[in-house]
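Peer 1: Sequence:
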Amino acid sequence: MEKLISIKDLFKKSFEFYKKNIKVILIVCAIGYVPVLLSYLIGFSYGIDFSSFKALTPSQILFFLILSLIIFVANFLVYIVLFYVIQERSQPVGAPAKVVDLFYLASKKAGSFAWIILLESLCIILGLILFIIPGIIVAIWFVFSNYMFVFEGKRGKAALSASRELVRGYWWPVFFRYFLLTIFSSIISMIPILGDAINFLFVIPFCVIFGYVIYQDLKRIKPV
Numbered sequence: 056m057e058k059l060i061s062i063k064d065l066f067k068k069s070f071e072f073y074k075k076n077i078k079v080i081l082i083v084c085a086i087g088y089v090p091v092l093l094s095y096l097i098g099f100s101y102g103i104d105f106s107s108f109k110a111l112t113p114s115q116i117l118f119f120l121i122l123s124l125i126i127f128v129a130n131f132l133v134y135i136v137l138f139y140v141i142q143e144r145s146q147p148v149g150a151p152a153k154v155v156d157l158f159y160l161a162s163k164k165a166g167s168f169a170w171i172i173l174l175e176s177l178c179i180i181l182g183l184i185l186f187i188i189p190g191i192i193v194a195i196w197f198v199f200s201n202y203m204f205v206f207e208g209k210r211g212k213a214a215l216s217a218s219r220e221l222v223r224g225y226w227w228p229v230f231f232r233y234f235l236l237t238i239f240s241s242i243i244s245m246i247p248i249l250g251d252a253i254n255f256l257f258v259i260p261f262c263v264i265f266g267y268v269i270y271q272d273l274k275r276i277k278p279v
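Each step along the sequence shown adds one to the number in this note's numbering, with nothing skipped, and position 141 is 196.
The set of hints was computed from the structure by calculation and includes no laboratory data.
Misleading hints may appear alongside valid ones.
[As the list claims (entries may be wrong)] Simulated pairs of lysine-lysine, DSS-like, Cα-Cα distance not exceeding 30 Å:
1) K164 to K277
2) K67 to K153
3) K75 to K212
4) K74 to K212
Note that the structure is a prediction, hence the values are computed from the model and not measured.
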């Protein structure tokens, strides 16, 4: 059985892709971070203490919920856009798409993304209920579901099944690489004060790129 890309080469290729496309990645992530930053600034200007939920008034709780929704939507759209940035920059044809067009595309694809993530999450939750280990197994099976949707046009259950088939025979190598990524990203995102910004501008896009490099290598090893 052919070996999966080495840890060293995996991180190297991921960093190289990030560095090569850093301008568009930072623009995309910054756009997603703006509403988050503005929401926090507005909240703090009105004296809202986000560290103590019990101390909030009903109006402040409503603001907190709206803030949480804004952050979720911003994160989700940026996450989707990053897949299409990778798709476009990995196979450049003609002039690069405008960032606004990528966000428009992401908004149209959000429903399909959400459906895949929902199915994946339900399977993982069911697995976690069955003594945790099955949930971890399922999470690795389906880790490439979104890549299947973006790069191969597979939807819903078909995307999950294709991801599982791609991982088959390489579960442990994939798990180990994602385990190291989790440790790496956790350390980076815990940096004091700038943690949130670093998470938005570096950790999230790097994780998506990291997964893409593994996905591409598995496709090379196991062409369909």
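Peer 1: Each hint: holds or not?
Peer 2: Here's how the hints hold up against the structure:
1. K164 to K277: holds (27 Å)
2. K67 to K153: holds (27 Å)
3. K75 to K212: violated (34 Å)
4. K74 to K212: At roughly 34 Å apart (the allowed maximum being 30 Å), K212 and K74 break the hint.
Violated hints for the displayed structure, listed by number in ascending order: 3 and 4.
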